[in-house]
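Chemist: Listed here are the chains, written in short residue letters.
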Amino acid sequence: DAGITQSPRYKITETGRQVTLMCHQTWSHSYMFWYRQDLGHGLRLIYYSAAADITDKGEVPDGYVVSRSKTENFPLTLESATRSQTSVYFCASRTAGPYNEQFFGPGTRLTVL
Amino acid sequence: AQSVSQHNHHVILSEAASLELGCNYSYGGTVNLFWYVQYPGQHLQLLLKYFSGDPLVKGIKGFEAEFIKSKFSFNLRKPSVQWSDTAEYFCAVGWGNDMRFGAGTRLTVKP
Chain A
1 DAGITQSPRY
11 KITETGRQVT
21 LMCHQTWSHS
31 YMFWYRQDLG
41 HGLRLIYYSA
51 AADITDKGEV
61 PDGYVVSRSK
71 TENFPLTLES
81 ATRSQTSVYF
91 CASRTAGPYN
101 EQFFGPGTRL
111 TVL
Chain B
1 AQSVSQHNHH
11 VILSEAASLE
21 LGCNYSYGGT
31 VNLFWYVQYP
41 GQHLQLLLKY
51 FSGDPLVKGI
61 KGFEAEFIKS
71 KFSFNLRKPS
81 VQWSDTAEYF
91 CAVGWGNDMR
101 FGAGTRLTVK
111 P
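Respectively, the protein sequence lines represent chains A and B. The opening position of the first sequence corresponds to residue 1 in the working numbering, with each subsequent residue numbered one higher. The opening position of the second sequence corresponds to residue 1 in the working numbering, with each subsequent residue numbered one higher.
Bear in mind the hints are in silico, worked out from the structure with no lab data behind them. We treat Cβ as the ideally placed atom computed from N, Cα and C, and that holds for glycine. Don't take each hint at face value.
Said to hold, decoys possible - Below, simulated DSS-like cross-link-like pairs (lysine-lysine); rule was C-alpha separation at most 30 Å, straight line:
1. B:K69 to A:K57
2. B:K71 to B:K49
3. A:K11 to A:K57
4. A:K57 to B:K49
5. A:K70 to A:K11
6. A:K70 to A:K57
Unchecked claim - A few chain B positions that, by computed beta-carbon distances, are all more than 12 Å from chain A:
7. A17
8. I68
9. R77
Between the sequences and the hints, there should be enough to build the whole structure, so can you do that?
Modeler: Right, here's the structure in full:
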């Protein structure tokens, strides 16, 4: 029962570099989400996807790109990393329908120098 | 804009003390309400959720929460905390495909 996994768990990069964070779920959940967690802000939604090839912006999408070619994968790319993107990133998934709980991955701690 | 407020940033209690964490939201329509817990070094886990029906919901590990629609509140309670309840607690409000989280409350329980 792998559930939802994220890789890498820790990443240090430099300003201006491209970084991709991976998210993989084994439940075939329709919906997948990317959040960032910052002190004092809780979790803020970056992007979400309702199904393969369907993505939509969340609360804080600027500077991020997502894709979802397969149901089980939902990578998040920082095209040109900035220091303000230093954060802990969580991926989550849930089944279709708005009433179901989201299941979270273990998180990726990203530091941009 | 919709928002979720958690009033307590850090709460420190002794074991066996009672706990109440406040959560208020600003959205006038139908919402789904959640409390998540994040133990140190772990991912978020669902404590309890409210969709409809009895406004007093019971979750795992002895936690409960009460939805008071007129106050736009969904406070989390536990009658007697344990050291193992030390964690960060997040209130979340969902509507449609959107979900907003509060800033979190860090709970420290002293043995």
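Chemist: With reference to the structure, classify each hint as holding or not holding.
Modeler: Against the structure, the hints:
1. B:K69 to A:K57: Holds, at about 29 Å.
2. B:K71 to B:K49: OK: K71 of chain B and K49 of chain B at ~18 Å, within 30 Å.
3. A:K11 to A:K57: Distance ~24 Å between K11 of chain A and K57 of chain A Cα, so the pair holds.
4. A:K57 to B:K49: holds (25 Å)
5. A:K70 to A:K11: Holds: K70 of chain A and K11 of chain A sit about 24 Å apart, inside 30 Å.
6. A:K70 to A:K57: Answer holds: K70 of chain A to K57 of chain A is near 18 Å, not above 30 Å.
7. A17: holds (24 Å)
8. I68: Check passes; 20 Å lies beyond 12 Å.
9. R77: holds (20 Å)
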